[in-house]
Amino acid sequence: MNAARVHAVLVAGVDDPRRIAQWRDEPAALERLGVAPDALDLDTLHKFAGLAVKVRHNNLRAEFALSFRLMSAAAIEIDLFAAYAMQRAASGVPYAASVPQRAADLVDFALTWLDAAQPAQALLRDMLRHEHALARLGPWHVPAPAAGAARAPRIAGTAIVEEFDCDPRDVAAIAYRPAPDFAAVERGARRLCFWRNDGGEIAIVELDAFGQYLVASLDGERSIAQLARRLGGGRATIGAVRRALAAFASIGLVELPA
Amino acid sequence: MRRFESDPARTRLGLAYGPSALAYLDDNPDGIDYLEIPFEQLRHAPALAAIRQRIPLVLHCASLSVAGNVPPSAATFDAVASVARQTATPWIGEHLAFIAAEDADDPAAEPTTLSYTVCPQLSEESIERVAANLATARARLGDVELIVENSPQYFDVPGSTMGMTDFVGKVAQRCDVGLLLDLTHYLITCINTGVEPRAELERWPLERVVEVHVSGLSSQSGVAWDDHAMPAPPLVFELLDTVLRRVRPRALTVEYNWSPTFPQAILAQHLSRLRGALDAA
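If you read the protein sequences in the order shown, they are chains A and B.
So the number in this note's numbering is just where the residue sits in the first sequence, counting from 1, plus 8.
Numbering follows this note's numbering, with no gaps: position 155 of the second sequence is 146.
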């Protein structure tokens, strides 16, 4: 087989993994390009395309250190990025030039691809969202225009609320062990509010279901009464909302109208 | 400006450029002898070359596609030559691989270029192609020495007529070129092609080795993969000891450069271990 043709086929497959799928379905198409179908390991070529895409995402590692560690420990980096290479090729959209957008695209894909029923992959789903939230509030934070006086309860600064199946902070404790026992991480719903105050400080506030719903509902427009109605309650709910908001305001998370 | 000084009696120890290497250098200004820096990074961020005020540089390159059929542009050759002069690199380490190829459907169309090097067909045809490409590159790059680095092999490349060791040996002989022995690439190739690495190393043209690379690997989906975010496995150190018993390379580069959070403790521990191996050799 002519080297130039073989190299052309390898490059075509790595550049657009849909070609690999096509050759798998129709070996004659590969033969027409000058490569004997039984001479090329298409599965490994596809995974190699995943390696190339993985390396292109090395610039996310600073903000996603634990996510990459989990991917590696769970031995799914190559499969994940091979699948991602296929998805991006199918979308026809090039990889984003900006690091934050490249991260957002990868996280969006990974959350659909990862199997939440697999313990290690469930942890990775949580860790990706955890580190993504911290990155968006930290190095990638885009300041919002200055707001006027509060007319309704609102977040003081920027907040991202996420619900997890574990506390991602617990995962850090085991992530760098030689053979992490992911199954040992305590599971259960955890609701975390990632909060950047107007001074640029970042904190993580743990919420209950009520607090999660309430914080997620704050838009600076809804009054306390409207927030209570969204919760489906009457006077008693208004009182609960008022007390919860006062508690959030006491730690600076929420700004109440004067 | 610092310059890499070759010493036939001493192998220099360096790190591949990256955030973890810079952090190590900040804490240990005399801990390494040089930084190996990719041409591609210097091309897009020329100001990086200022680091030469702190430490000598060795140039690494993935743009010359020496085992391919699509040559780099004249602008790329000129840029490599310019960066080589600017860094005063003792040599340019280039992958024995390709990054571009003709369009699979229409050879007359624009070639396709990847961002990652690919292991070539291991054949006499490729050896002749490497010889022609190296002759061109040498003419374009002037006096700076070119050495070539063995690729990691992940799958059998169709049309190959020999294994990697024979391919590298024949390239070295045919082209009279020095070698950059990437021990992790070597081990990956052995694992993926079912070759026993200790015995195979006896067949390697070690007398041609100018520089050695050490990095990590990971095993996923039944294949060993290059992974500069992982520490080198013990077998790589063992193979290095074998190499050092036979030859004295001019440089030994540790490539832990994919992750800015690579543990500094492991980096320091491995550098200490490598320094010990060099001193004992």
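Treat the hints with care, as some may be off.
As the list claims (entries may be wrong) - These stretches of chain B come out as covered by chain A in the derived footprint (C-beta under 8 angstroms, 3 or more residues): (1) 24 to 31; (2) 69 to 81; (3) 112 to 118; (4) 124 to 135; (5) 142 to 154.
Said to hold, decoys possible - Sample of chain A residues at the chain B side, in silico, Cβ under 10 angstroms: (6) Ala20; (7) Leu41; (8) Asp49; (9) Val63; (10) Asp87; (11) Ala181; (12) Ile182; (13) Tyr184; (14) Arg185.
To be verified - Some chain B residues judged to face chain A by a derived CB distance under 10 angstroms, without partners named: (15) Leu13; (16) Leu16; (17) Asn19; (18) Pro62; (19) Ser64; (20) Pro102; (21) Thr104; (22) Asn183.
Hints were generated in silico from the structure; no laboratory data involved.
All of these numbers come straight from a predicted model, not from anything done at the bench.
Yeah, the Cβ is synthetic: ideal placement off N, Cα and C, and Gly gets one too.
Each hint tested on the structure:
Coverage of the segment 24 to 31 of chain B by chain A is violated [criterion: at least 3 residues with CB-CB distance below 8 angstroms; count 0]. Requiring three or more residues with a Cβ within less than 8 angstroms of a Cβ of chain A, the coverage given for the segment 69 to 81 of chain B is violated, as only 0 such residues are present. Coverage of the segment 112 to 118 of chain B by chain A holds in this model, with 4 residues showing a Cβ closer than 8 angstroms to a Cβ of that chain against a need of three. Only when three residues or more bring their CB closer than 8 angstroms to a CB of chain A does the claim for the segment 124 to 135 of chain B stand; here the count is 0, and the claim is violated.
Proximity of the segment 142 to 154 of chain B to chain A, defined as three or more residues with a beta carbon under 8 angstroms from a beta carbon of that chain, is established by the 6 residues found. The interface hint given for Ala20 of chain A holds, since its Cβ lies 4 angstroms from the closest Cβ of chain B, which is under the 10 angstroms cut-off. The closest approach between the C-beta of Leu41 of chain A and any C-beta of chain B is roughly 5 angstroms, which is under the 10 angstroms cut-off, so the hint is satisfied. With a least beta-carbon distance of about 4 angstroms to chain B, the hint placing Asp49 of chain A at the interface is held under the 10 angstroms criterion.
At its closest, the beta carbon of Val63 of chain A sits 6 angstroms from a beta carbon of chain B; the interface hint therefore holds under the 10 angstroms criterion. For Asp87 of chain A, the interface hint holds, since its Cβ comes within 10 angstroms of a Cβ in chain B; the closest pair sits about 6 angstroms apart. For Ala181 of chain A, the interface hint is violated, since its Cβ never comes within 10 angstroms of a Cβ in chain B; the closest pair sits about 15 angstroms apart. For Ile182 of chain A, the shortest C-beta to C-beta distance to chain B is roughly 15 angstroms, which exceeds 10 angstroms, and the interface hint is violated.
Interface hint status for Tyr184 of chain A: upheld, as the beta-carbon distance to the closest one in chain B is roughly 8 angstroms, under 10 angstroms. Interface restraint check for Arg185 of chain A: the shortest CB-CB distance to chain B comes to about 13 angstroms, outside 10 angstroms, so the restraint is violated. The criterion of a C-beta within 10 angstroms of any C-beta in chain A is not met by Leu13 of chain B, whose closest approach is roughly 13 angstroms, and the hint is violated. Interface restraint check for Leu16 of chain B: the shortest CB-CB distance to chain A comes to about 18 angstroms, outside 10 angstroms, so the restraint is violated.
Hint on Asn19 of chain B is violated. Least Cβ distance to chain A is approximately 21 angstroms, over the 10 angstroms limit. Residue-level restraint check for Pro62 of chain B is violated (minimum Cβ-Cβ distance to chain A is 12 angstroms; threshold 10 angstroms). The interface hint given for Ser64 of chain B is broken, as the beta carbon of that residue sits about 17 angstroms from the closest beta carbon of chain A, more than 10 angstroms. For Pro102 of chain B, the shortest C-beta to C-beta distance to chain A is roughly 8 angstroms, which falls under 10 angstroms, so the interface hint holds.
A distance limit of 10 angstroms between C-beta atoms decides the matter here; for Thr104 of chain B the minimum to chain A is near 8 angstroms, and the interface restraint holds. For Asn183 of chain B, the shortest C-beta to C-beta distance to chain A is roughly 8 angstroms, which falls under 10 angstroms, so the interface hint holds.
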